[in-house]
Amino acid sequence: MAHQTERRTLQVRGMTCASCVAHVEQALRELPGVSQALVNLATGTAKVEYDPTKVSLEQMAQAVQEVGYEAVPVDERAEALDREREARHREIKRQGLSLAFATPLSVIIMLGTFRDYWILPYFVPEWLGNKFLLGLLTTPVVFGPGRQFFVNSWRGLRAGVTDMNLLYATGIGAAYLIAVINTLWPTAGFGGEGAMFYESAALLTTFIVLGRFLEALTRGRTSEAIRKLMSLQPKIARVLRDGSEREIPAEAVQVGDIVIVRPGERIPVDGVVLEGYSAVDESMVTGESMPVEKKAGDEVIGGTLNKTGAFQFRATKVGGETALAQIIKLVEDAQTSKAPIQKLADWVAGHFILGVHALALLVFLFWFFAGYKYFFDPHTSFLLSPHKLGEIGVFGFSLLLSITVLVISCPCAVGLATPSAMMAGTGKAAEHGVLFKGADAIEAASKLTTIVFDKTGTLTKGEPSVTDVIAREGASEAEVLRLAAIAEKNSEHPLGEAIVRAAQERKLEIVPAKSFNAIPGHGVEAHHENSEILLGNRKLMHERGVDISALLGKAAELESQGKTVMFVAQDRQALGLIAVADTLKEYSAEAVQQLHRLGLSVIMITGDNKRTAESIARQVGIDRVLAEVLPQDKAEEIKKLQAQGQRVAMVGDGINDAPALAQADVGIAIGSGTDIAKETGHVILIKEDLRDVVVALEIAKATMRKVKQNLFWAFIYNVLGIPIAAGLLYPIAKIVVSPELAAFFMATSSVSVTLNTLLLKRFRPSLHKMLPEGAKQPVPAAAPAAGGE
Amino acid sequence: MNEHVLFRVSALVYTGISLVVAILFFVAASAPEYSMTARVGGAVWVFLLSMIVSMPIVMSYFKRRLRDVREDRR
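Here the protein sequences line up with chains H and P, keeping their order. For my numbering, add 78 to where a residue sits in the first sequence, where the first one is 1. For my numbering, add 2 to where a residue sits in the second sequence, where the first one is 1.
By construction, these hints were calculated from the structure, which means they are not laboratory data. By construction, the Cβ of each residue, glycine as well, lies at the ideal position given by its N, Cα and C atoms. Any given hint might turn out to be false.
Computed cross-link-like contacts, BS3-like style, restricted to lysine-lysine with a CA-CA straight-line distance of at most 27 Å [claimed, not checked]: (1) LYS306(H) to LYS171(H); (2) LYS65(P) to LYS125(H); (3) LYS407(H) to LYS779(H); (4) LYS539(H) to LYS592(H); (5) LYS132(H) to LYS65(P); (6) LYS717(H) to LYS688(H).
Facing chain H, according to a computed beta carbon distance under 7 Å, are these residues of chain P, among others [said to hold, decoys possible]: (7) PRO34; (8) GLY43; (9) ALA45; (10) VAL46; (11) LEU51; (12) ILE54.
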């Protein structure tokens, strides 16, 4: 029986770290019928693939709830964004209020605790150091703002999972409990009045809440790219219905509707222009900085901005089918997907919590049975604190170090390190018209060594164009082209069409020939104003007795460049020749040059003969050519390169090159326009500008740099902090890290990561750095100019 | 074995393990230099940490077993 699989997104609340991600994923994957579950901490979402006959969304939400989190299914993207924003605002408000409550109290508690030190006795009243008052002030901090850690860790424990909340809860709880015992029963052996940890409990809570607050503030900023794209969608469309103009909601536009767009308005859906003329700013969707001219027959993209004129178009794609909707979906999918490096980080973080508790147990046992006896010094002080431990007993001291290990080990920033950078990277790429289909594509793109370009339609325009017009003495180039165009006016041959197009571009007058005769394998003959026009190859000219000897030298030279040469004769007199070839796209040569600059090996692959292929490769600056490769064998060639240890990207048109794109480490499909959903490949370039390959690689490298920096910032505090917190330096330095300082380090870790990620927003690809913003002008490639100019 | 039983059995196992570790600690700390408060407090802390460490290990072990049993039945 065939099982239908559905994909849905759940909004998950209450996740704070990478181990939460692992728990939610595990809870979902363990449900029968769930084939895949991918959780993104940065967006607070879980994408699930499931069989609806076996499991329902409610069951999934229930499973997530059982491990201590809250999950709600997301229906529409716009609603999801609103809800995500709402949830984030609620979280900011909640943590902000907690912080506002905890901070002044913690400062007062700290002043009271340390009132005997430094200059504090001069202005802190004695009563503020009263242990009962300190206990009274600490209690609402621990059970108010700190309550969330106890509640969340209890929920998790009930389901058998341990998370970061548990680290905090044990840390805060133990510090508070010891302080209470020492207040009520100072001789109970827990360190007495020298071990009043009220300030530890209060400051620990405050710093953790501060970390949460800053995280909530910065987390949403990385998903701005999607929000920006969503905001492009106009709410209202003006359509022609029953002969009159009506304003309707944009989502109510149907395929086939005639839509009217005035200057300054956004285009509501995708379509084809019927009448009118305008320039449209497509930069927000395609990254193209120059306005694009639109006339009858041209495609328009929903969400782009009409600049100058008014026009009407027929809607061809609406709702989720529009290019904008597909782009949003792709960016969302990419942001939810996981890079291999993130999977590793999540795994490490997921198992870290357990390891940390085991380590805390070992630290406690060591200091209880051996460390205290051999190394303890009553003059021990806390790092960066005037507070001394004094009369603390063996249990209090061992417990203190054990708690500090728990707090300092918290891998809170690890969960954000990779997804936040990936979100910023994919968003930045989308701004430039580059769509990564997944985080794995970004990681793979950052490690490439070789770029393979398909020739036809990728490096070249994929259709023949007139490249040279040569006239004999006494004739003009315009006349040669005009006569050739007259002869080919009714031809459907691609070479004939190229000649007619070239003549039209030069605004030459092309009247229909009186008669037209195609001579297969030779060329054409036509009659015009009582003269005979011949257009064709050498064979045709020889057969008709036309002397072309004066043109043969030039013809051979052009043919050596891979061009097709056609001779033009009038009344058996050779007038000149026309060369036709597939021409390079505008920026092909520049893109190849930039890729060489990045140290990449660039290869061209084509089914064409070697001579033509080498000619194009020379023009574009490629030094290695794989010619005469059949389309089905292109993937095999990619495989061979990979077997040589190369990490290969294939750049192609996405449809014909699908197997090679799939085989490559990174498949880059170019120039999809509005047909984004049809594209294969891991990266999609919306424009036909090959320089976007360079943009894609630069963004991928910048993103991975950020990921590595973030992981460094996330782990460095743990790596350096754990041994110090465990007392490794204690026998020499006689200082210990207080739990509140450990919490401060952890908060700094999260903030370092989020701030570092935000720096990616300032990244500009090198091509854009070279040109001032808004002044990106086309740079001609080394393609031969049409018409021999 | 259903999930309810699984939770009960695993709770019994990890609580048992933690109790044994805590008792061992209590016995090991019987030297005169340790006050009763230190012994009891230490045993409680050891019990708590042992619970936290053993709970997910034991539960995932039993969950795996339950899954295997269900798959075998299918």
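Cross-check of the supplied hints:
Pair hint LYS306(H) plus LYS171(H) holds up; C-alpha atoms about 23 Å apart against a cutoff of 27 Å. Distance hint between LYS65(P) and LYS125(H) is fulfilled; the C-alpha atoms sit about 24 Å from each other, no more than 27 Å. Distance restraint check for LYS407(H) and LYS779(H): the Cα-Cα separation of roughly 23 Å lies within the 27 Å cut-off, and the hinted pair is therefore satisfied. Restraint check for LYS539(H) and LYS592(H): the C-alpha separation of about 33 Å exceeds 27 Å, so the hint is violated.
Simply put, LYS132(H) and LYS65(P) have alpha-carbon atoms about 20 Å apart, close enough for the 27 Å limit, and the pair holds. In summary, the hint linking LYS717(H) to LYS688(H) is supported, as the alpha carbons are separated by about 21 Å, within the 27 Å threshold. The interface hint given for PRO34(P) is broken, as the beta carbon of that residue sits about 12 Å from the closest beta carbon of chain H, more than 7 Å. Interface hint at GLY43(P): satisfied, since its Cβ lies 5 Å from the closest Cβ of chain H, which is below the 7 Å cut-off.
For ALA45(P), the interface hint is violated, since its Cβ never comes within 7 Å of a Cβ in chain H; the closest pair sits about 10 Å apart. With its C-beta approaching chain H no nearer than about 10 Å, VAL46(P) sits outside the 7 Å limit, and its interface hint is violated. Restraint check, LEU51(P) versus chain H: the minimum CB separation of about 4 Å is within 7 Å; hint holds. Hint on ILE54(P) holds. Least Cβ distance to chain H is approximately 5 Å, under the 7 Å limit.
The earlier numbered hints that this structure contradicts are 4, 7, 9 and 10.
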